[in-house]
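Engineer: Construct the entire structure; sequences and hints are all you get.
2 protein chains.
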Amino acid sequence: MSRDEELLARVALTWLTEPGTWSVHRLVDRLGPAGALDLLLDGGAPEESLRATVAARSRQGDARAVAADALARAERLGARVVAPRDEEWPVRVGDLRRLVLKGGDRRVDRETAPPLCFWVRGAWPLNEAFDRAVAVVGARAATPYGLHVATEIGYGLADRDWTVVSGGAFGIDAAAHRGALNAGGLTVAVLACGVDRPYPMGNAALFDRIAETGLLISEWMPGADPLRPRFLIRNRVIAAATAGTVLVEAAARSGATQTVNRALAIGRRAMVVPGPVTSAMSVGAHEMLREQPSARLVTGVPHVLEEVGRIGADLAPPARAPQQPRDLLDDDATLVLESIPRRGAVGVDRLAARAGVDVRTALRKLSLLEELGMVRRRDDGYALATGGARSPGTAS
Amino acid sequence: MSRDEELLARVALTWLTEPGTWSVHRLVDRLGPAGALDLLLDGGAPEESLRATVAARSRQGDARAVAADALARAERLGARVVAPRDEEWPVRVGDLRRLVLKGGDRRVDRETAPPLCFWVRGAWPLNEAFDRAVAVVGARAATPYGLHVATEIGYGLADRDWTVVSGGAFGIDAAAHRGALNAGGLTVAVLACGVDRPYPMGNAALFDRIAETGLLISEWMPGADPLRPRFLIRNRVIAAATAGTVLVEAAARSGATQTVNRALAIGRRAMVVPGPVTSAMSVGAHEMLREQPSARLVTGVPHVLEEVGRIGADLAPPARAPQQPRDLLDDDATLVLESIPRRGAVGVDRLAARAGVDVRTALRKLSLLEELGMVRRRDDGYALATGGARSPGTAS
Numbered sequence: 001m002s003r004d005e006e007l008l009a010r011v012a013l014t015w016l017t018e019p020g021t022w023s024v025h026r027l028v029d030r031l032g033p034a035g036a037l038d039l040l041l042d043g044g045a046p047e048e049s050l051r052a053t054v055a056a057r058s059r060q061g062d063a064r065a066v067a068a069d070a071l072a073r074a075e076r077l078g079a080r081v082v083a084p085r086d087e088e089w090p091v092r093v094g095d096l097r098r099l100v101l102k103g104g105d106r107r108v109d110r111e112t113a114p115p116l117c118f119w120v121r122g123a124w125p126l127n128e129a130f131d132r133a134v135a136v137v138g139a140r141a142a143t144p145y146g147l148h149v150a151t152e153i154g155y156g157l158a159d160r161d162w163t164v165v166s167g168g169a170f171g172i173d174a175a176a177h178r179g180a181l182n183a184g185g186l187t188v189a190v191l192a193c194g195v196d197r198p199y200p201m202g203n204a205a206l207f208d209r210i211a212e213t214g215l216l217i218s219e220w221m222p223g224a225d226p227l228r229p230r231f232l233i234r235n236r237v238i239a240a241a242t243a244g245t246v247l248v249e250a251a252a253r254s255g256a257t258q259t260v261n262r263a264l265a266i267g268r269r270a271m272v273v274p275g276p277v278t279s280a281m282s283v284g285a286h287e288m289l290r291e292q293p294s295a296r297l298v299t300g301v302p303h304v305l306e307e308v309g310r311i312g313a314d315l316a317p318p319a320r321a322p323q324q325p326r327d328l329l330d331d332d333a334t335l336v337l338e339s340i341p342r343r344g345a346v347g348v349d350r351l352a353a354r355a356g357v358d359v360r361t362a363l364r365k366l367s368l369l370e371e372l373g374m375v376r377r378r379d380d381g382y383a384l385a386t387g388g389a390r391s392p393g394t395a396s
Numbered sequence: 001m002s003r004d005e006e007l008l009a010r011v012a013l014t015w016l017t018e019p020g021t022w023s024v025h026r027l028v029d030r031l032g033p034a035g036a037l038d039l040l041l042d043g044g045a046p047e048e049s050l051r052a053t054v055a056a057r058s059r060q061g062d063a064r065a066v067a068a069d070a071l072a073r074a075e076r077l078g079a080r081v082v083a084p085r086d087e088e089w090p091v092r093v094g095d096l097r098r099l100v101l102k103g104g105d106r107r108v109d110r111e112t113a114p115p116l117c118f119w120v121r122g123a124w125p126l127n128e129a130f131d132r133a134v135a136v137v138g139a140r141a142a143t144p145y146g147l148h149v150a151t152e153i154g155y156g157l158a159d160r161d162w163t164v165v166s167g168g169a170f171g172i173d174a175a176a177h178r179g180a181l182n183a184g185g186l187t188v189a190v191l192a193c194g195v196d197r198p199y200p201m202g203n204a205a206l207f208d209r210i211a212e213t214g215l216l217i218s219e220w221m222p223g224a225d226p227l228r229p230r231f232l233i234r235n236r237v238i239a240a241a242t243a244g245t246v247l248v249e250a251a252a253r254s255g256a257t258q259t260v261n262r263a264l265a266i267g268r269r270a271m272v273v274p275g276p277v278t279s280a281m282s283v284g285a286h287e288m289l290r291e292q293p294s295a296r297l298v299t300g301v302p303h304v305l306e307e308v309g310r311i312g313a314d315l316a317p318p319a320r321a322p323q324q325p326r327d328l329l330d331d332d333a334t335l336v337l338e339s340i341p342r343r344g345a346v347g348v349d350r351l352a353a354r355a356g357v358d359v360r361t362a363l364r365k366l367s368l369l370e371e372l373g374m375v376r377r378r379d380d381g382y383a384l385a386t387g388g389a390r391s392p393g394t395a396s
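Top line first, the protein sequences correspond to chains A and B.
For the first sequence, position 121 matches number 121 in full-length UniProt numbering, and the numbering has no gaps at all.
For the second sequence, position 199 matches number 199 in full-length UniProt numbering, and the numbering has no gaps at all.
Since the hints were derived computationally from the structure, they do not count as laboratory data.
Glycine residues also receive a C-beta, built at the ideal position from the N, C-alpha and C atoms.
None of the hints are false.
Where chain A lies over chain B, by a calculated footprint (3+ residues, C-beta under 8 Å):
id : segment
1  : 142-156
2  : 283-297
Some but not every residue of chain B turned toward chain A, in silico, with C-beta under 8 Å:
id : residue
3  : V273
4  : P274
5  : G275
6  : P276
7  : V277
8  : T278
9  : G300
Structural biologist: Structure (structure tokens):
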């Protein structure tokens with residue numbers, strides 16, 4: 001089966017049955033995506049409830065046509081779909097196969113299968129972005145204390161070359177993303193809706209900044225609504241794709257504590273920032289520390305690095321090669337390279353002005369960068385190639 | 001040996017060698033207090049350093065004479081000495097026999113023997129006061145947050161009939177004592193100096209209130225100075241005499257965390273209140289939670305009771321008998337009883353006025369209370385007997 005056929009089937013399956021559905025995941029294991037899709041569309045789902053879901057969705061449209069339409073729309077948006085056979089697939093999410101939650105009566109506790117595909121906005125290859133990644137999650141109605149701490153942790157992690165992953169929500173999520181952006185680091189928002197219309201709208205400017213320098217990713221196709229259950233289904237990805245999850249402020253029994261529980265259940269580090277016992281916004285954090293002996297109290301970035309660094313040392317080779325193309329560049333070349341926008345192209349005059357070099361130097365450095373495969377010339381100016389220093393993907 | 005002789009020897013030993021000295025404790029075990037004292041005074045201490053200490057002290061006075069003098073002074077102050085053979089001895093401090101601290105190079109880590117005696121101001125028998133007791137300790141330079149939490153915990157514990165034990169210091173200690181006093185409960189200050197001159201002076205009014213309704217206790221004789229090492233030596237008593245220790249705010253490596261470590265080392269509950277990670281005054285608390293897996297995060301009185309209540313249920317019969325003499329009293333008798341001051345006597349007219357009953361009723365209830373052994377008539381009016389409702393010692 002071609003990559004395109006497979007992708008189309010994966011997208012169609014996600015639309016037909018929602019991400020995380022175990023019986024679908026098992027069918028894909030057995031029959032491949034296209035075979036599983038055919039079976040489901042023929043009414044052959046192994047469970048009555050799934051048959052009903054498929055039938056209901058099918059009345060709204062032809063799954064393959066919907067998928068083809070979404071893929072076309074994504075291309076126009078500059079988004080891409082990534083599937084397990086792609087080199088950039090973040091393999092850690094496969095550990096969701098081991099995720100079994102106790103007492104899971106709710107759909108969100110039962111449907112925890114690995115994702116079938118990701119929609120992605122942003123240039124970084126997923127595998128690279130998640131290579132050294134920590135999730136920072138917490139309350140939407142965060143206090144100034146929590147916002148301060150989340151920003152500091154986001155900043156500190158990014159500053160030490162760790163990717164900061166969160167859900168793009170108000171409060172702690174946004175603070176963590178912002179901290180990472182302020183450090184000039186990489187941050188990933190894992191969304192529960194289409195990457196073309198990230199939710200909440202109030203964070204639109206933040207999402208734009210994230211898409212420029214980091215990644216917006218989602219299991220749901222462009223246009224998908226941020227339905228409430230989707231946030232909880234999404235949380236398993238935040239937990240699985242990262243080396244550990246840091247909880248900063250959570251009310252009692254919150255969605256963020258649920259992410260931490262998922263992280264623990266598949267052997268990721270669970271880290272919790274305490275707060276004043278007088279604050280309702282720390283009740284969930286303190287509960288977690290009391291009830292989960294494996295959850296570790298952390299007070300800042302050094303503690304977080306101690307936890308995830310250990311994982312890294314145990315399971316992975318040194319995460320970044322010491323010698324990269326960017327290390328070969330002189331100061332002017334670096335300035336020029338860093339003055340090219342993450343997305344889109346720029347003319348040489350503007351680029352020279354941004355970089356603070358004369359046009360002649362800019363042109364010389366641009367031809368060097370082109371030779372190194374870091375920059376490419378387009379009709380509308382110079383743009384980053386997929387690979388480039390402090391920019392996505394020497395690996396791709 | 002008479003009780004008086006033994007007491008005199010214990011007091012003399014404490015003065016000669018400072019509390020907590022293991023070699024002295026072992027001598028007392030073998031030879032009794034008087035025998036141990038004789039041996040030491042004859043220069044027969046088993047260690048050179050102890051011989052030097054005894055010789056130095058002996059040049060300042062005759063140990064038995066100093067002890068006799070202290071006992072006489074204590075009597076004038078209304079203080080008493082309590083020794084292990086007394087019924088009211090708080091037996092839990094005997095668990096200090098098991099206290100072995102790792103890496104103990106400092107005197108305070110080596111000299112952790114059980115106390116030889118206690119000097120006591122206040123009417124409650126020690127055993128009763130410590131029957132259901134929790135220590136609340138923490139930073140002197142506490143923040144408003146810490147003071148608030150310590151006061152709340154002191155209040156809540158006292159309100160549920162637990163004795164609040166602390167060290168009488170500024171900050172968290174004082175807040176815990178005050179909380180207990182505000183709840184009309186029992187609080188004990190364990191001092192590192194004479195009970196006649198509790199330190200710090202700035203807490204003098206607090207100490208007066210504690211002495212009236214609770215206890216001031218010390219291993220050091222009246223007049224003893226609050227020398228710095230004595231505070232740390234004292235801490236082992238706070239840890240040992242209580243069912244558990246709650247730490248509220250502590251800077252890194254503070255004396256209060258040392259108390260918690262002693263509590264853990266002899267199997268007491270160690271409880272730690274977290275705080276903002278941005279506060280230097282919570283650094284020691286968070287360190288404790290990270291480094292001591294047995295230390296439990298608590299956010300308030302219910303969590304504390306869960307910890308120490310469990311101990312109580314495991315090791316002790318229900319701590320208070322449901323039926324006590326006071327349960328037999330009618331409302332007027334209770335009013336009269338509760339209007340008698342904790343210390344000193346009161347005339348019947350003033351008593352009736354305080355209780356809000358007429359003098360005839362007051363007299364009738366007083367004779368009932370006398371018969372029940374709860375009140376005794378003195379030349380200067382009516383006073384509490386050693387036993388009385390909400391007052392010291394139905395047990396003695």
